Amino acid sequence: MPKAGIIYNDDKPIACQVATDLEAKLTSLGWDVALATGAGGILGYASPESPICHTPIDRLVPPGFDSEMKFAIVLGGDGTVLSAFRQVAPCNIPLLAVNTGHLGFLTEILLDQLPAALDALLSEDYEIEERTMLHVQIIREEAMLWEALCLNEMVLHREPLTSMCHFEISVGRHNRVDIGADGIIVSTPTGSTAYALSAGGPVIVPGIPVMILVPICPHSLASRSLVFPNRDPVTIYPAIPHRLVLTADGNAGSYVLPDDHVCVKKAPYPARFVRLRPPEFFSVLREKLGWGVAHVAKPT
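First residue of the sequence shown: 379, per the numbering used here; consecutive thereafter.
FYI, nobody ran anything at the bench for these hints, they're computed from the structure. This one's a predicted model, so the numbers in the text were calculated from it and none came from an experiment. It cannot be assumed that every hint is accurate.
The calculated DSS-like cross-link candidates involving lysine-lysine, where the alpha carbons are at most 27 Å apart (straight line), are [stated by the list, open to error]:
(1) K390 x K403
(2) K448 x K390
(3) K381 x K448
(4) K448 x K644
(5) K666 x K390
(6) K403 x K381
(7) K403 x K448
Using C-beta positions, here's what the derived DEER-type ranges look like [claimed, not checked]:
(8) N470 x R518: 27 to 37 Å
(9) E502 x D444: 17 to 27 Å
(10) H544 x D410: 52 to 62 Å
(11) G585 x L489: 24 to 34 Å
(12) P580 x R653: 17 to 27 Å
(13) D637 x G578: 28 to 38 Å
(14) R554 x C595: 15 to 25 Å
(15) R653 x P441: 22 to 32 Å
(16) I392 x L500: 19 to 29 Å
(17) A521 x D444: 24 to 34 Å
Built from N, CA and C at the ideal position, the CB exists for glycine as well.
Please construct the entire structure, taking both the sequences and the accompanying hints into account.
Spelled out as structure tokens, the structure:
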């Protein structure tokens, strides 16, 4: 019996209803279907009373999801897609992302396109696009305290965010450099159009094997974004006597103390997107972010 999964945003009634209907449809066709909510991929936030809020990567895989699963369908917005990949990436499950949210930058189709997409899935008429994920760890005295997978970015900053601090950063085997900024972003090409873009970083076409380091509001004309091969890990050392906050994809976090350091490297698991048509990144940039749209009328 073939296996499929459904991950949905249980805060959205339409996603809940579609998940139920999809389960019934696939089951009637002889599929073994597992359901999970995207909330299972949210790692939670640390607090002063609980400075380490950590769930090991392999424990985020939902019950019933495994490497034998042909595909999973995600019903939600970008947040649900990011959460779903944290849940299923260790199982190598490809995801078809269906937009029931707002921007839907990471989604493949709209809800009214789902019937035709389901036919394509069942007939295996689709491609798989793999994108890099990051593996983020907090290290204290050579012991790993916290870890997470992220598809977009890792952000390290002070509370509140408007307070500038210093970081010592090394890329690969290169010597440490000192950067004064409100925070540091380490991003994948997928995340280059997320927080890194808002912070002034470059747009990177997915598939290029790089990572991006972006200082947030740097206090130097020389501190600019850096693009480097993703084979090189990044190590970030706090250079201030105050605790910092680390977030992964904007919805998980832990405190980082002055004696800790953060290690970011390419994850061993890729994010596998189901593509019903060849990926067209520039069309998505134009549609979602207005890239290349003329703001001044051209002379005739």
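Each hint tested on the structure:
no.: 1; hint: K390 x K403; verdict: 20 Å, holds
no.: 2; hint: K448 x K390; verdict: 25 Å, holds
no.: 3; hint: K381 x K448; verdict: 6 Å, holds
no.: 4; hint: K448 x K644; verdict: 25 Å, holds
no.: 5; hint: K666 x K390; verdict: 22 Å, holds
no.: 6; hint: K403 x K381; verdict: 13 Å, holds
no.: 7; hint: K403 x K448; verdict: 16 Å, holds
no.: 8; hint: N470 x R518: 27 to 37 Å; verdict: 31 Å, holds
no.: 9; hint: E502 x D444: 17 to 27 Å; verdict: 19 Å, holds
no.: 10; hint: H544 x D410: 52 to 62 Å; verdict: 53 Å, holds
no.: 11; hint: G585 x L489: 24 to 34 Å; verdict: 27 Å, holds
no.: 12; hint: P580 x R653: 17 to 27 Å; verdict: 24 Å, holds
no.: 13; hint: D637 x G578: 28 to 38 Å; verdict: 31 Å, holds
no.: 14; hint: R554 x C595: 15 to 25 Å; verdict: 21 Å, holds
no.: 15; hint: R653 x P441: 22 to 32 Å; verdict: 28 Å, holds
no.: 16; hint: I392 x L500: 19 to 29 Å; verdict: 23 Å, holds
no.: 17; hint: A521 x D444: 24 to 34 Å; verdict: 30 Å, holds
No hint from the list above goes unmet by this structure.
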